[in-house]
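Chains as they are written, first to last, in my numbering: chain S, 34 to 354; chain E, 34 to 354; chain F, 3 to 358; chain H, 3 to 358.
Hints in this document: simulated from the structure, not taken from any laboratory.
All of these numbers come straight from a predicted model, not from anything done at the bench.
Even glycine gets a Cβ: it sits at the ideal position worked out from N, Cα and C.
Among these hints, one or two may not hold up.
[Stated by the list, open to error] Computed list of lysine-lysine pairs in BS3-like fashion (alpha-carbon distance at most 30 Å, straight line):
1) S:Lys252 <-> S:Lys280
2) S:Lys349 <-> S:Lys281
3) F:Lys298 <-> F:Lys284
4) E:Lys252 <-> F:Lys351
5) S:Lys280 <-> E:Lys157
6) S:Lys214 <-> S:Lys252
7) S:Lys281 <-> S:Lys252
8) E:Lys349 <-> E:Lys280
9) H:Lys351 <-> S:Lys252
10) S:Lys281 <-> E:Lys349
11) F:Lys351 <-> S:Lys280
12) E:Lys281 <-> E:Lys349
13) H:Lys284 <-> H:Lys298
14) H:Lys351 <-> E:Lys280
15) E:Lys214 <-> E:Lys252
16) E:Lys157 <-> F:Lys351
17) S:Lys349 <-> E:Lys281
18) S:Lys281 <-> F:Lys284
19) S:Lys157 <-> S:Lys214
20) E:Lys349 <-> S:Lys280
21) E:Lys349 <-> F:Lys351
22) E:Lys157 <-> E:Lys214
23) S:Lys280 <-> E:Lys280
24) E:Lys214 <-> E:Lys280
25) H:Lys351 <-> S:Lys157
26) H:Lys351 <-> S:Lys349
27) E:Lys280 <-> S:Lys349
28) S:Lys349 <-> S:Lys252
29) E:Lys281 <-> H:Lys351
30) E:Lys280 <-> S:Lys281
[As the list claims (entries may be wrong)] Covered stretches of chain E, as calculated for chain H (at least 3 residues, CB under 8 Å):
31) 85 to 99
32) 104 to 115
33) 133 to 144
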Amino acid sequence: MAILNLVQAINQGLQQALAEDDRVLVFGEDVAADGGVFRVTEGLYEQFGETRVFDTPLAESGIVGLAVGLAAYGLRPVAEIQFLGFTYAAIDQIYTHAARLRARSRGRYTCPLVIRTPYGGGVKAPELHEESSEAFFCHMPGIKVVVPSTPSNAKGLLLAAIADPDPVIYLEPTRLYRLLKEEVAEEAYITPLGQARIAQAGDQLTLIAWGSMVERSLKAAHNYPVEVIDLQTLSPFDRETILASVKKTGRLLIVQEAPKTGGFGAELAATVAEEGIMSLRAPILRVTGYDVVTPLPLLEDYNLPSEQRILSAIEKLLSYP
Amino acid sequence: MAILNLVQAINQGLQQALAEDDRVLVFGEDVAADGGVFRVTEGLYEQFGETRVFDTPLAESGIVGLAVGLAAYGLRPVAEIQFLGFTYAAIDQIYTHAARLRARSRGRYTCPLVIRTPYGGGVKAPELHEESSEAFFCHMPGIKVVVPSTPSNAKGLLLAAIADPDPVIYLEPTRLYRLLKEEVAEEAYITPLGQARIAQAGDQLTLIAWGSMVERSLKAAHNYPVEVIDLQTLSPFDRETILASVKKTGRLLIVQEAPKTGGFGAELAATVAEEGIMSLRAPILRVTGYDVVTPLPLLEDYNLPSEQRILSAIEKLLSYP
Amino acid sequence: MARETIVQFQIERLEILNPLGEVDSELLPPLSDTQLLRLYELLLLTRLADERALSLQREGRLGTFPSSLGQEAAQVGSAFALNSRDWIFPSFRELGVFLSVDYPLANYYRYWSGDERGLLCPPELNIFPINIAVGTHLLHAAGVAMGARYRSDPAVAVVYLGDGATSKGDFHEALNMAGIYRLPLVAICQNNQWAISVSRTRQTAAETLAQKALAFGIHGIQVDGNDVLAVYRATAEALERARTGGGATFIECETYRMSDHTTADDARRYRDPDEVERWRDKDPLLRMRRFLENRKLWNESNQTQLEDRLRQRLDLAVTEAEAVEAPVAEDMFRYTCHQLSSRQLEQLKECDDGHP
Amino acid sequence: MARETIVQFQIERLEILNPLGEVDSELLPPLSDTQLLRLYELLLLTRLADERALSLQREGRLGTFPSSLGQEAAQVGSAFALNSRDWIFPSFRELGVFLSVDYPLANYYRYWSGDERGLLCPPELNIFPINIAVGTHLLHAAGVAMGARYRSDPAVAVVYLGDGATSKGDFHEALNMAGIYRLPLVAICQNNQWAISVSRTRQTAAETLAQKALAFGIHGIQVDGNDVLAVYRATAEALERARTGGGATFIECETYRMSDHTTADDARRYRDPDEVERWRDKDPLLRMRRFLENRKLWNESNQTQLEDRLRQRLDLAVTEAEAVEAPVAEDMFRYTCHQLSSRQLEQLKECDDGHP
Ligand SMILES: Cc1ncc(C[n+]2csc(CCOP(=O)(O)OP(=O)(O)O)c2C)c(N)n1
Ligand SMILES: Cc1ncc(C[n+]2csc(CCOP(=O)(O)OP(=O)(O)O)c2C)c(N)n1
Ligand SMILES: [Mg+2]
Ligand SMILES: [Mg+2]
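Extracted from the complex, chain S is given alone in its bound form:
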């Protein structure tokens, strides 16, 4: 087992998928000779050649639409969109087509594609490079949304996403790319989709987070009896694990980077308010990005939920009897 960071773990996952299955194709802007702007696809073009790993023109809707066709043809496209902020131009292809091809064709065609894209704040990057709009995709029946939070689950979830018979949006938390390192099993393995992970056990408060907020929440919750649930898959999300935890703890905190209103945290809160409210001893709190236009680097630390803000919410919730 080697010590890998998130970039290396994803790279290894891609490499193994390409090696094992000739249906897998990797493409996007600058993924070939350049190896991707974050180097996630480094070395793949050299190893597999341009029929397997290739650059596209600068056309995000095009990239996703091409992937839909390739997937329908029977291949396993893994498309990169350079940053989540540039998927907005591809939402039509994602929601109108990738999400619906199976339904529209009554199962004759399927759409087993993966869209990988770096997302989230905390890296002092320009406009549209730090978006956190996962909620859009979580409201699209037919689309799965996966967010890794460690090198190990990054690799396992990626391989699960590639193996999945339906379209998956795979969001890579940019802030964690090189921040986290850990031992990652050398062989190919799958971290199942749709299952959350208990990142820290606890019995007084359930804290749900995903992506880069898992790291921050773990720091904040370190000395508290908090059960930290790393969601891993947002759609479909692991209701069972959440409800079981809330039943035990009676308190729920949700931490999300995205703007508060209409974020995916709202769905989690609503689900618990509908199905688990009887075990609650306190309001369901959300620590989130603010309802503002994602700020440029000099202001971003004001927006991204800080350890301090998470901590305050934990303490507030624990103060409920």
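Fit chains E, F and H with the ligands to the supplied structure of chain S, relying on the hints for placement.
Relative to chain S, chains E, F and H with the ligands alone:
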């Protein structure tokens, strides 16, 4: 005062806005000579000519991007997208640009545009003609989302949207276009944005709905002590009215057409679970469309919340002590 | 240092069969009499099936329907050139294409009655679902074309679109990719002069649609879209080019939408009836019939017999379409994804139990 | 009935000043000596300001920065032709444009240090915010062009884009609209041969970018983008056309990105250093300097003096940029919308109170 249906009320609002303010321009696919596929813009081209009311090519991203430029220049574009299902191609322009122009330019440029679009189910129309994806827009800081439910508020909210200094998505419930008729004041008036309307007073249960679900909820709630809140504006939504009502009733039901997971109802539930949970006597229920690809006409009645489903939820909630 | 021309282009137009039924024999494609007769049969079948759809719609037995009237040659002529393994990406107005490749007409009707089961493509064909989001499907054709090349499959991706679709960004992104990757793709544009109420001249300032190919470095040609032989020939040439590594072709078929946009539309609101009349003289069926008659391959009694036979076929298709049982709630869930989530399963149960 | 050419096109290339500093005097635009000297000063200012940005970035005083090195002529030559009331829609690599119209350099630097206040355009200019979402801003130019025409305002909308941007759907939708509505719009494409690591030849199969204009029925021309006089002339002609109702123009300036894509990029990973060397001989500053020297308008000591003067100006701009106070939480909320919601106000309060 004349008796108008929703189409006529919106048409009158557009006519008055065009007449009063030469900054107002109306455009989109088939809005000129054809008067719009639902006849909402009928007669405007004849009255105001092609510099004020004009057809565009078949290009939704283009329509919205054009509106952004016109708005920045100082005009008041009112763009029609033929159906909500076709706004997906324009989400990049809406979220990347319309929503952010004020912020990006630090107030030098603003974006007072309105995007009108028919939405929602129940009219036996083809694919993509019955979408209900308002939640996407409610998660975009910088964008307002308005949904009328009666001829009167359709006109007043439209005029408020046009007068608003920021971008507004104005969703017209297709099912109500010709279903509802009522007296509508002849003169121009404004129904303020951001304010909900109590459509039926009641003290045992708060039911929140918008658009075409208001009509159905009112039917279902007719004989029950239910306070029906017609949200009118989804973003920013009227928290105060909702919390005050829930404080009084202790029970909350949300009715939405859209697929359940990640719909705007989740935000309403989450808000109450965060800020009003102490007054709740029962779980927060949601009656919604299912988490499926929007079906074609033969199946749509299975998906659209029916009076019966709303009624069952009301009775279930009222059974909580 | 100068102002100099660095590149030059020209766009050609192909016409073979004129409205009088006369042909340019040099350009006449090498088709047997049987094939020529078959082309005419398909034109007629399309026209009659379209007529039937409109009358079913009036009786409330179909939903909103987009008529192909006047565009039969563009549809039949192109589809007739395809191999059965080629992939077809229809827009929403391609009845003649579906009929030419033997897609079950009952299914086609069923789709337009609001039943997704009508889109279940038989295994022996590769037809994508009818596409409502105008212009978005060219990208899928590009993807399939790339997949076919990757697998050394000689299939070509053939995508149908209207003049309105040429304004969409996806049209541009797809054909640009087709150029870059030299994809085996043929885009068949039925320029029927209208996109609902927006005329071709208000859709783009380009003199022809065919010249849009120049933006992508792919081949472009205009054909008389009411001339089934010209459409066939241009398509056959483009398929040949695609199969032999010559890359993509954009074919503009100049034709005319003789009907309203759909049964929900009233074209009198926005277009001059005289324009429609002028196009009536260019009818694609009439000229093919005259051609066959001139060649002594056809006469009045053949016509009557064929019409009868086709009408019987239509009756059967309608019966079949209407014999099917209504879809059930489960049909709405089943194809959303491979495996339903626990929430979706609950919803399905609620829906099954509780529906009025 | 035939196969006949129905339309023909040609694309011209304009070159006036060659790398040796020789000019085609027939094409030389009517500029005074002062103007010619000013052009050179702007070229040099751009180069030095760019150099300074790169060194500030290395010192951690600026964020990621996209260099304009090698593209100065395309930027300065075009911007110099504008009126102060024309509207400018920059992409993200137009330092020379900002400098040519006297946008405060301190603001420009501030923006690239991650401060939105750098985008507050002074009232005397009409510059849209720097645009990161490639290709999306052509539509805003179309909207402003339409607005200007509606108000009988002689302003032209001038939009800058790269070769990569020509692949985006919005490019197509915008220029198609510019054609249909005959908008007063000029699109200036800096074809610097690369979009990060994707070369121009992998961006499109079209022989030239200029010919993409043919798809929209607008005017298209290629110019030597390292020739400030050719760029100036082509832009001035296009502006004149736009102001006199002749519609939109697409200008392809053939130039080269001499630097990495941004300071976060390493171009050695994907491009041949020889290619960069070959373009060095075509340097846009050198040829203009030779031209001025040939005309006896310039000498070594002018050069030294100017460099000193410009460097002082840069020092001031940097000082000014860095003198500004850090933005505060309220700056993040204030411009989200005209009036904050009750929730936003609460959030602002929490943020103000609670920030570490
Ligand atoms: C993206 C999108 N926008 C709008 C519509 C509504 N609409 C349906 S058909 C049509 C016109 C299409 O024109 P064209 O491409 O020429 O095809 P035709 O109808 O003439 O066959 C429009 C605007 C749509 N279906 N998709
Ligand atoms: C829509 C979009 N996709 C991707 C990116 C990431 N990106 C930034 S610049 C760039 C290349 C742009 O190339 P070009 O248009 O030629 O401009 P240049 O960088 O050469 O000036 C890319 C892919 C982006 N900013 N926007
Ligand atoms: Mg058409
Ligand atoms: Mg470039």
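ask   = What hints, given by number in increasing order, does this structure fail?
value = 5, 18 and 24
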